[in-house]
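A.B. asks: Protein chains in written order, with this note's numbering: chain A, 1 to 316; chain B, 1001 to 1325; chain C, 2001 to 2296.
In short, the hints are calculated from the structure, not lab data.
None of these values were measured; they are calculated from a predicted model.
Each residue gets a CB set at the ideal place from its N, CA and C atoms; glycine is no exception.
Keep in mind that a hint or two might mislead.
Stated by the list, open to error - Per the computed footprint, the stretches of chain A lying under chain C, defined by three or more beta-carbons under 8 Å from a beta-carbon of chain C, are:
#1 30-44
#2 148-159
#3 274-280
As the list claims (entries may be wrong) - Beta-carbon label-pair distances, calculated as ranges:
#4 C:2017 <-> B:1292: 33 to 39 Å
#5 C:2254 <-> A:9: 45 to 51 Å
#6 C:2069 <-> A:123: 36 to 42 Å
#7 A:224 <-> B:1186: 39 to 45 Å
#8 C:2127 <-> A:264: 52 to 58 Å
Each chain is listed here by its residues.
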Amino acid sequence: MISFVVSRLLQAIPILILVSLIAFGIIYLIPGDAAVVIGGPSATPEELEQIRRNLGLDQPLHVQIATFYINLFKGDLGRSLTLGIPVMDALIARSPITIGIAIYSLVLTIVIGLSTGMLAALNHNRWIDQAATLFALLGVSLPNFWLSLVMIVLFSVMLGWLPTGGYIPFTQDPIGWLRTTTLPAAALALLQAGLLTRITRSTLLEVLNQDYIRTARAKGLPEWIVVGRHALANVMMPVVTMVGLVLSVLLSGSIVIESIFGIPGIGSLLGSAISNRDYPMIQGGLLFVTTALLLLNIVIDLLYTALDPRIRVKGR
Amino acid sequence: MTAAPLLSVRDLTVSFGGRVTAVRDASFDVRPGELLGVVGESGSGKSITALAVMGLLPPTATVTGSILFDEQDLLAMPRSRLRKLRGREIGMIFQEPMTSLNPVFTIGDQITEAILVHERMSRKAAWDRASELLEKVGIPAPRRRLQDYPHQLSGGMRQRVMIAIALSSSPKLLIADEPTTALDVTIQAQLLDLLNQLREDFGTAILLITHNMGVMAEVADRVVVMYASRIVEQSGIFDLFDRPQHPYTEGLLGSTPELDADTPRLRTIAGTMPNPSELPPGCLFAPRCPKVVDACLAAQPALVPVAPDQRAACILAPGLIESTP
Amino acid sequence: MSDLTHAAQPSRLSLALASMRHWLRRLAANRSFLLGAILFGSICVLTLLTPLITSVDPNALSVRNRFKPPSDQYLLGTDNLGRDMLSRVLNGARLSLSIGFAVVALNAVFGVFLGAIAGYYRRLDDLLMRLADALMAFPAVLLAIGIAAALGPSAATAIIALAVVYIPRTARVVRASIMVARELDYVQAARAAGARDGRILWHHILPNCLAPLIVQLSFVFAYAVLSEAVLSFLGLSAPPTQPSWGVLIAEGRTYMREAAWLTVIPGIAIAVTVLGLNLLGDGLRDVLDPRMKVEQ
Ligand SMILES: Nc1ncnc2c1ncn2[C@@H]1O[C@H](COP(=O)(O)OP(=O)(O)OP(=O)(O)O)[C@@H](O)[C@H]1O
Ligand SMILES: [Mg+2]
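Use the sequences and the hints to build the structure in full.
C.D. replies: This is the structure:
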């Protein structure tokens, strides 16, 4: 097991090096003089010089890359242009909020996705199946920022059930946290759930046709055990592999969703970095989120291995 | 002939979506403790018949007729009653040992689960019983094997586990659908010995489906021969081999491989079985029958007694011709 | 058809036509494809016929007619500056669809090119696939946002950013089917007969990748329209003077309470387009590439 973890981590290293190189390279996509773009047309030559020094743009490229990797190794992602604090500090300070909502949303996604997917498969070709399939398709087709706006109008403005925005930390007031995070988490979840519904439905349909399901029935097991134990255990594996993708889409979505709901997480941090042309923050944020996802995917692989005895236990 | 039948199937017809009729007017009995063999080419409706008895047909199937088990009609009883009979009174072993066990649960889990649905006992006791069962079906070091996952066992071992599951509640009837086809010959012979042994030790009645007439000769008391969804002959094993009444049976016997030959499939009758969705008029075997006469094309002959304890669906059955001078 | 029976070898063209008819018939029988074609087709037709439907300038201000709800005169109402929403949504469609189409075209060209180099020549396979892995490790929309933020807002920016994000995915699909195709017997035979690489690739291998490529491109189109909406909502795509759907939603957002139609209508337009493309992709996959399909 340990050797598996180590080898997966080693495999991730070249990807991580490339990922950071891409994040580093983003600043070179800025057309013309980056300092002018960042400083704006009114910036004085001194200010421009300051920006160049700050970003290391006055150094030759190889020195810049070397410095970038040395700093990266030390966990230094540079300094935010607008906040004036280290990017890493800002990201770490904001991440609990985003992680909390991501987990909440992931739970909603799995609950909704699994149950609609199962409902569809168990009612194959009946209207429930069609409705669930439509729901799944709508899920992957609606823009989630638009869905959030519609949900705000519906549940906050018209029905007044939940606040239109803002954030209350869980540690301060758990109920308040739920009230402020439910709409954003649901807006994110409804879309990912569509993805999961489709996978669950097609996997369960396939699993229900397997010989071992017939065996389970031949034993005289009640149908709910046949489905809930024998089928579900085999459906869970593809679902687990989906979690990485779901989280990736979820974190993409959080930039817009957090800005819309005024939640001070990594998403809105990056959102304002984009409007302020705070490139160190944009680069750092991209790298931070992607690295986190890569590590998470390793965890998911481990989980998958733990779930599937065919991989976990070697044949004799 | 003596005891009341344990299983009595009457006029069983199974069709799919009105187009394909997989089983037509099948009637046969299984008596307590006897081994009834069912033979026939691939697609003749053997598995569908077995699944109909288990109540495990796919939802697209339409079933008519009656299936009496211990004098209760399985087709008429509520699904929950049928479910309780499954596994406890009727056990089944399937054709495909490699895929019939759930890959994510241990052997022990899968056997004890079968015990615990039907009987109240502690998990520990069920585990002990599972170990005994494995021992009985000839798996060495059963305690250790219980911890194994299906992928760690060979095909023969898995089929033994399937038999252990089917036997877990000492059923009165065991349905074995080609339990040996997927396995190599030495294992085949061992499994057949095992089935024979079970019958002697527990008086379990067995419905054994196979392609292989050699297997039949070795273990069956009586045999049902199926062809293109119909039963064409039904007979005691000795009469069947000595005086086959249906030309199809003769064909099967002519093509009988030795038990240890490596081509156990029946292939030497010229021609192929008609597609169940477009059956020819008259006797279904007529197009391939070496003895065919004009009268064969007129109507499908009924399965009628042609000799003591022997029935055939052929107007040219020797038994028929002898008895009507 | 009749000359077909006389010719010893049917011509390439007639073969191609026959197989096209075969696929069209199967597609026409696929519900998902049909529904998708109807939805996406109507959006395309409306977009193309925009000049016939409305001649109103999408940017013409009319302060007296602010916030008019949908009515006979203004089919989709007017916005905070009295601009006609029908005209704005239709003109936005042209922009959103053009950007989506450009992304698809770039995917077709570069996806096939890179996929072919990786899958057929294998020399650059490792490097290209590591690079693709790295690009695909980023959350898709996040990477597009990062690139667009650097390039500065414009339609070209959105196209480039989305192309960079989706080309690795398309290249992977192409590479996978090329690696299957190059092992096919007749390809091996052509190679043994000394045919040139370019010829083998063009005549024997690429036709085998067509089905998965078409399926992939229809999904890329869907993703591109959806992600462009995010980019333009964030102000990273075309400027507000050429409003795409995302911009319309961003502008309407401020007036959600009083004038919900400003937000709702462009959102529905996006949803119908993307839903249509997804259905189209599902149908194409079912018919053209049944290997990718799990259930029947
Ligand atoms: N779900 C189904 N839908 C439609 N037709 C079916 C279905 N299952 C089986 N059939 C048809 O029923 C007929 C009998 O099938 P069955 O499985 O009983 O054959 P068999 O005698 O067991 O053959 P084998 O020796 O190959 O196992 C076949 O022609 C098959 O095509
Ligand atoms: Mg069978």
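A.B. asks: So, for every hint listed, does it hold in this structure?
C.D. replies: Against the structure, the hints:
1. 30-44: Coverage by chain C holds here, the residue count being 3 at a Cβ distance below 8 Å.
2. 148-159: holds (count 5)
3. 274-280: This one holds; 4 residues, not fewer than the three required, reach chain C with a Cβ under 8 Å.
4. C:2017 <-> B:1292: 33 to 39 Å: violated (47 Å)
5. C:2254 <-> A:9: 45 to 51 Å: About 47 Å separates the Cβ atoms of residue 2254 of chain C and residue 9 of chain A, which means 45 to 51 Å holds.
6. C:2069 <-> A:123: 36 to 42 Å: Given a distance of about 40 Å, which is inside 36 to 42 Å, the answer is holds.
7. A:224 <-> B:1186: 39 to 45 Å: Since the Cβ atoms of residue 224 of chain A and residue 1186 of chain B sit about 41 Å apart, the hinted range of 39 to 45 Å holds.
8. C:2127 <-> A:264: 52 to 58 Å: violated (41 Å)
In the structure shown, a violation is registered for the earlier hints numbered 4 and 8, in ascending order.
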